[in-house]
Amino acid sequence: MQQFIRQLAQENDFQATRLLKILRAIQARYFYIPKAAIEQLALMLNISRTQIQNVIEFYSFFHLEPRGQFDILISNSITDLMVGQAELINYFAEKLGVKIGEVRADGVVSLNNTSCTGMCDQSLAGLVNGYAITHLTKSRIDEIVENVNKQLPLDQWSRDFFKVEDNIIKSGLLLNETPIKGAAIKATFARGLMETLTEVEKSGLRGRGGAGYTTAWKWKYCREENADQRYIICNADEGEPGTFKDRVILNAYADSVFEGMTVAAAIIGATQGFIYLRGEYLHLYEKLEAILVERRAANLLGKNILQNGFDFDIEICLGAGAYICGEESALIESLEGKAGIPRNRPPYPVISGYLNKPTSVNNVETFLAAANIAIHGGEWFAAFGTAKSKGTKIHSISGDCAKPGIYEYPFGVTVQTILDDCGATDVLGVQIGGPSGTFISNDEFQRKIAFEDLATGGSFIVFNNSRNILDIVHNFSHFFAHESCGFCTPCRVGTSLLKKQIDKIVEGHGSAGDIVALEELCQLIKNYSHCGLGQTAANPVLTTLERYPEIYQSMLKKISYEPGFDLDKSLETARRLANRDDAAAHLAQVEE
Amino acid sequence: MNKSIVIDGKNVPFEDGQTIMQAATAAGIYIPHLCHNPDFTPHGSCKLCTVKVNGRNCSACTFPASEGQNITNVTQELNDDREKITQMLFVEGNHFCPSCEKTGNCNLQAVAYHLGMTDNHFPHFFENREVDASHPDVMIDHNRCIFCTLCVRASQQVDGKDVFAISGRGIDKRLVVNSESGLLKDSDLEATDCAAHICPTGAILIKRTGYKVPIGQRIYDHSQIDTVTLANEGASHDE
Amino acid sequence: MTNKKVKVATVSLAGCFGCHMSFLDLDERLVDLVEHIQFDRSPLTDIEHCSSDCDIGLIEGGVCNSENVHTLREFRKNCKILVAVGACAINGGLPAMRNHISLEDCLNESYVDGIGVENAQIPSDVELPLLLDKVHPIHEVVKIDYFLPGCPPSADVFWKFLTDLLAGVEPSLPYELVHFD
Ligand SMILES: Cc1cc2nc3c(=O)[nH]c(=O)nc-3n(C[C@H](O)[C@H](O)[C@H](O)COP(=O)(O)O)c2cc1C
Ligand code: SF4
Ligand code: SF4
Ligand code: SF4
Ligand code: FES
Ligand code: FES
Chain F
129 MQQFIRQLAQ
139 ENDFQATRLL
149 KILRAIQARY
159 FYIPKAAIEQ
169 LALMLNISRT
179 QIQNVIEFYS
189 FFHLEPRGQF
199 DILISNSITD
209 LMVGQAELIN
219 YFAEKLGVKI
229 GEVRADGVVS
239 LNNTSCTGMC
249 DQSLAGLVNG
259 YAITHLTKSR
269 IDEIVENVNK
279 QLPLDQWSRD
289 FFKVEDNIIK
299 SGLLLNETPI
309 KGAAIKATFA
319 RGLMETLTEV
329 EKSGLRGRGG
339 AGYTTAWKWK
349 YCREENADQR
359 YIICNADEGE
369 PGTFKDRVIL
379 NAYADSVFEG
389 MTVAAAIIGA
399 TQGFIYLRGE
409 YLHLYEKLEA
419 ILVERRAANL
429 LGKNILQNGF
439 DFDIEICLGA
449 GAYICGEESA
459 LIESLEGKAG
469 IPRNRPPYPV
479 ISGYLNKPTS
489 VNNVETFLAA
499 ANIAIHGGEW
509 FAAFGTAKSK
519 GTKIHSISGD
529 CAKPGIYEYP
539 FGVTVQTILD
549 DCGATDVLGV
559 QIGGPSGTFI
569 SNDEFQRKIA
579 FEDLATGGSF
589 IVFNNSRNIL
599 DIVHNFSHFF
609 AHESCGFCTP
619 CRVGTSLLKK
629 QIDKIVEGHG
639 SAGDIVALEE
649 LCQLIKNYSH
659 CGLGQTAANP
669 VLTTLERYPE
679 IYQSMLKKIS
689 YEPGFDLDKS
699 LETARRLANR
709 DDAAAHLAQV
719 EE
Chain P
1446 MNKSIVIDGK
1456 NVPFEDGQTI
1466 MQAATAAGIY
1476 IPHLCHNPDF
1486 TPHGSCKLCT
1496 VKVNGRNCSA
1506 CTFPASEGQN
1516 ITNVTQELND
1526 DREKITQMLF
1536 VEGNHFCPSC
1546 EKTGNCNLQA
1556 VAYHLGMTDN
1566 HFPHFFENRE
1576 VDASHPDVMI
1586 DHNRCIFCTL
1596 CVRASQQVDG
1606 KDVFAISGRG
1616 IDKRLVVNSE
1626 SGLLKDSDLE
1636 ATDCAAHICP
1646 TGAILIKRTG
1656 YKVPIGQRIY
1666 DHSQIDTVTL
1676 ANEGASHDE
Chain A
126 MTNKKVKVAT
136 VSLAGCFGCH
146 MSFLDLDERL
156 VDLVEHIQFD
166 RSPLTDIEHC
176 SSDCDIGLIE
186 GGVCNSENVH
196 TLREFRKNCK
206 ILVAVGACAI
216 NGGLPAMRNH
226 ISLEDCLNES
236 YVDGIGVENA
246 QIPSDVELPL
256 LLDKVHPIHE
266 VVKIDYFLPG
276 CPPSADVFWK
286 FLTDLLAGVE
296 PSLPYELVHF
306 D
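Heads up: the protein sequence lines correspond to chains F, P and A, in order. Quick note on this note's numbering: the first sequence kicks off at 129 and runs consecutively. Quick note on this note's numbering: the second sequence kicks off at 1446 and runs consecutively. Quick note on this note's numbering: the third sequence kicks off at 126 and runs consecutively.
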């Protein structure tokens, strides 16, 4: 092992910024990060062992205790639950002979839940040793169990398990274009860098990652900041449950995205770019690397790109299971080899980002749009959309509809149009923008997708009338509590309290006062949290409480107070030890 | 030259580069805080110092003062919410003040007193947390750690060591010690280190000193944290 | 104030009677107090159950067993105002320090493996209340109207709180009287 780690460290130039990459390799080889490896790495990278320990404990895909040789994770997002995740994972556990969350005694396999893996249009999905598997059914599970028990190496498994479909159902302005291999770079230099920035400004392009900041301004501030180095980062962390459009863009239009990054780099004056690819998209890694190699060969990357005296290259960095790393400053921390904890702002990344240099972080789709704008000009793009939301938006549609997949629409499209196109009937409501977005009811389908009305990063989850609002809220509340980075009090403690409070209500232990307590807690988390995660973590409750107060009310007992914990269950140990089961050995949850 | 901000209707001068907290402290205005200590780079995690800047919530300890800021600090709404944030810290850990050596000298407790907190409001987590009494002179009671990172910063910035760190994600966060065994006795911490004395709660304690000052005669038994803080932090940073 | 005396009931659940002792520290002020109040169920009287028209219930101690739950419910049902008195009632206090040891280990240590244990067995008698897994503050079981912190709250705290209530003003404690220790 010592030899292996020395070599790893060497391959990574002994750079602490590469810590995630190094740990990924150790985890893949030993199924955990041994203590000795931490000690050795600390010395070789010249960082403290606690920094390494923190990174291991922070990211879901690193472990201090061995996982199985086959580490199987099953996505437990709401769309997975809708296709019977609970039953299927139990079936899996039973067939494998392992408890959920644990490693089988022979060390061959481990099984656990994981947050949305971005395969919501091909649920039930999961990961085996980091590689995506889709369309899990009982019969496919049986086959996997067989492979595992035979200890068949992953590369000998049927390719079918790992098939990930693009499911592009409706293309528009951007998806109709073919992948760009040099045309945008040429157009940019032909037109001039500042002139191209002006075109991007004219296009009205706003960030597609959710916040909707005007892209041209971000680039301008970054360019204007005095510095010897600047960085361009593509945010491909795509962790918002229900979003998978970046996965498809990277699979089918990677060249355009890289081209967009290159154009942006030329404009802001960066020579180094990164694409932060979420760990769940490991299956895309080799393909993307190959495209980068091709682009270097074609002089679209590297030194003196297309003879314009401009150097730029892109490195792919993989995440390791942490939704918070989609937040741009947490992402930067992660790229620096640390836990993904959002920074204090100001200063913003455009002033002080990666290694404290000016950095522009943009979404995958933003770069796709920018590359096309560089070719076709700003007006081409701005001709579509609404006053404040120009161009088109790519949506990831999943849930209760006939045709889940990728849909591109100009901004301003109504929810109803989308529902008609994707074949959704008997609809209860739609979760727009993922758990951190808004739940809208079937009274509101004339509302428009646009920054002026319903802003979204692209997640669109349809629920039909057979679904229960509280199940949805329950799932989302657990998601946020699991993904809170823990830095600030309101979110760290608040999301856990919220999870407990929702559990209490869903389990039928809520009483009149609990709704007031719930709302008060939500406001606290929303108003006092440090970053966007905490500030939106209460949205599932707040947006549904506003629309369906009666559903919450119906779950409450007609009493004014309910104990905060399960009284009778709390006597279980004592009953067992005292060997009693008489009436006095039990407690009713509320007084008869 | 004379730039100023307004805090609760009062004009407060500031210099470029100062945070709202620094400007307020220098002007004799107390903004509740736990993770902030003027001797170290601000952290911004406890959120007790939240003030409204032109209507928007900001952490005073990290947010730069700038011209045109109209700030509210002491309002019923802010103090009620600060109280709830404090209550969150109490239920997250295990704070049994009657059996804590720090009682009466504890900033967490003092902030609670200041905000008029009489109960913990939220359901308790009652998590199992450990005590590390391995070191001959210093002990850690993890039950009382609020993850303010003051010990982390003190060790790095004053002691020139790197004894403490916060590890883990979300509610599983914990304080860890930089030694191969993970125990304090195997770290290079000494009882004279700043990091051993900086903890605002009773999570890091110097052994055999806990009851030198009897309960009833401790800092916050008779003085409120606002006066105490302004006397300490205001003085050292006024020129 | 009407002539009718205010009925006060008190009880110690998982507590040490420290709060009751502290109450008695009111000393001569007790004489003034009983002009206005009358004790109902309380260790200070021999009344076993609350009358249905109690005004104030003072609860010392947290909830550690099934009997505590029943007692607390009786108080909630019969007292207009229920007050958590002392650290143990408010957050479990010292008894809650057993919460980080599993109940099984606690009972085994006390009745089976502990030093000097004879006739080792965990008691099993329908007359005995069963222990809860954890010791809980009382507000996690019934609704509480006021909290008097302290371990124990000083006699002055009781005095200030009760005289405020008797005077019909919203009780409040000055800084010097708020203590968690
Ligand atoms: C919790 C959280 C998660 C986020 N996840 C993503 C993400 O997966 N992808 C993304 O592009 N932006 C994400 N963002 C937004 C980024 O912080 C940032 O605004 C965005 O990457 C900027 O790119 P844009 O201007 O092109 O939208 C997230 C923000 C928060 C608060
Ligand atoms: S809001 Fe949540 S995710 Fe964001 S910094 Fe605070 S704890 Fe971390
Ligand atoms: S650390 Fe402070 S709040 Fe916590 S138990 Fe000790 S004195 Fe009480
Ligand atoms: S031990 Fe004390 S100083 Fe260190 S993080 Fe915890 S509360 Fe802060
Ligand atoms: S003091 Fe500002 S966040 Fe803690
Ligand atoms: S019972 Fe009164 S202080 Fe504990």
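Heads up, a few of these hints could be off.
One-sided and incomplete, this derived list gives chain F residues near chain P with beta-carbon spacing under 8 Å [said to hold, decoys possible]:
no.: 1; residue: N174
no.: 2; residue: N182
no.: 3; residue: Y219
no.: 4; residue: D549
no.: 5; residue: L625
no.: 6; residue: L652
no.: 7; residue: R703
no.: 8; residue: N707
Just a sample of chain P residues kept apart from chain A, beta carbon distances all over 10 Å, derived [said to hold, decoys possible]:
no.: 9; residue: C1503
no.: 10; residue: N1588
no.: 11; residue: I1660
no.: 12; residue: D1666
Because the hints were derived from the structure by calculation, they are not lab data. Just so it is clear, CB atoms sit at the ideal spot from N, CA and C, and this is done for glycine as well.
Now the hints, each set against the structure:
About 12 Å separates the beta-carbon of N174 of chain F from the nearest beta-carbon of chain P, more than 8 Å, and the hint is not met. The restraint placing N182 of chain F at the interface with chain P holds, with a minimum CB-CB distance near 4 Å, inside the 8 Å limit. Using the Cβ-Cβ criterion of 8 Å, the hint placing Y219 of chain F at the interface with chain P is not satisfied: the shortest such distance is roughly 29 Å. The beta carbon of D549 of chain F comes no nearer than 38 Å to any beta carbon in chain P, farther than 8 Å, and the hint placing it at the interface is violated.
Checking L625 of chain F against chain P by beta carbon gives a least distance of about 6 Å; that is within 8 Å, so the hint holds. With 8 Å as the threshold, the beta carbon of L652 of chain F comes within range of chain P, its nearest partner Cβ sitting at about 6 Å, so the hint holds. A hinted interface residue such as R703 of chain F counts as satisfied when its beta carbon comes closer than 8 Å to some beta carbon of chain P; here the least separation is about 20 Å, so the hint is violated. Because the beta carbon of N707 of chain F sits about 26 Å from the nearest beta carbon in chain P, more than 8 Å, this interface hint is broken.
Once the 10 Å rule is applied to beta carbons, C1503 of chain P is consistent with being away from chain A; the minimum gap is 28 Å. Not every C-beta of chain A lies more than 10 Å from that of N1588 of chain P, the closest at about 8 Å, which undercuts listing it as non-interface. With a least beta-carbon separation of about 6 Å from chain A, I1660 of chain P fails to lie farther than 10 Å from that chain, contradicting its non-interface assignment. Here D1666 of chain P does not stay apart from chain A, with its beta-carbon only about 8 Å from theirs, under the 10 Å limit.
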